[in-house]
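Student: Here is how the chains run, residue by residue.
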Amino acid sequence: DTAVSQTPKYLVTQMGNDKSIKCEQNLGHDTMYWYKQDSKKFLKIMFSYNNKELIINETVPNRFSPKSPDKAHLNLHINSLELGDSAVYFCASSSRQGGDQPQHFGDGTRLSIL
Amino acid sequence: QKEVEQDPGPLSVPEGAIVSLNCTYSNSAFQYFMWYRQYSRKGPELLMYTYSSGNKEDGRFTAQVDKSSKYISLFIRDSQPSDSATYLCAMTYPGGSYIPTFGRGTSLIVHP
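Same order as they appear, the protein sequences are chains A and B.
Per the working numbering, residue 180 is the first one in the first sequence, and the count goes up by one each step.
Per the working numbering, residue 160 is the first one in the second sequence, and the count goes up by one each step.
Extracted from the complex, chain A is given alone in its bound form:
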């Protein structure tokens, strides 16, 4: 049973479209994250939620809007997609917030903008 699952695995779409990525964790964790991994493999934090509350919002264009309907789910909606949004987006969770908490990652959503 997958601990952190993301859908879809692949997303190919055109510039200007709006798309959503969904994430679910069955670990009972309180904290969830969205990361962006670029072509050089750097993992950059985008957002973090703790018990459905936004706690970290890095310098991300406001075209990106996260939503956490409950603490097991964290979705990411992207408006007006741009070429620079092409990357792999990872969802992760940890048992609670805090830098000392190891994170469990999903397998990523590969977003390609045409």
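In short, the hints are calculated from the structure, not lab data.
None of these values were measured; they are calculated from a predicted model.
All C-beta atoms in this analysis are idealised placements derived from N, C-alpha and C, irrespective of residue type, glycine included.
Misleading hints may appear alongside valid ones.
Interface residues of chain A toward chain B, partial, derived using beta-carbon atoms under 8 angstroms [said to hold, decoys possible]: (1) 220; (2) 269; (3) 285; (4) 287.
Assemble chain B onto chain A, guided by the hints.
Tutor: Relative to chain A, chain B alone:
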């Protein structure tokens, strides 16, 4: 200078070799150090987790932290082709809402 530096590689070794993967960092406040392994088209998975300085061993893997030199290492003994992956180091402060700072990862290839 980036907070965490990691040579991207690739590092290519024969099966059975001892592998040494390293990261340097600039922020002396880091207290927790992690190594993640990422297979192609998969998410990072936690491999080792250490607090402060010292060594930690788990099977063929040993994590070493030298806070005085701001240098961490991951050693893999008797490397196997299945160890071929990208290894990312990560480090952070305790408590609060701090997020780990990741290195860019080192690509390791173990050839039979």
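Student: Each hint: holds or not?
Tutor: The hints, checked one at a time:
Hint status for residue 220 of chain A relative to chain B: holds, with the closest Cβ pair at about 5 angstroms, below 8 angstroms. At a threshold of 8 angstroms, the smallest CB-CB gap from residue 269 of chain A to chain B is about 5 angstroms, leaving the interface hint in force. At its closest, the beta carbon of residue 285 of chain A sits 5 angstroms from a beta carbon of chain B; the interface hint therefore holds under the 8 angstroms criterion. This hint holds: residue 287 of chain A has a C-beta 6 angstroms from the nearest C-beta of chain B, less than the 8 angstroms allowed.
Violated hints are absent here; each numbered hint is respected by the structure.
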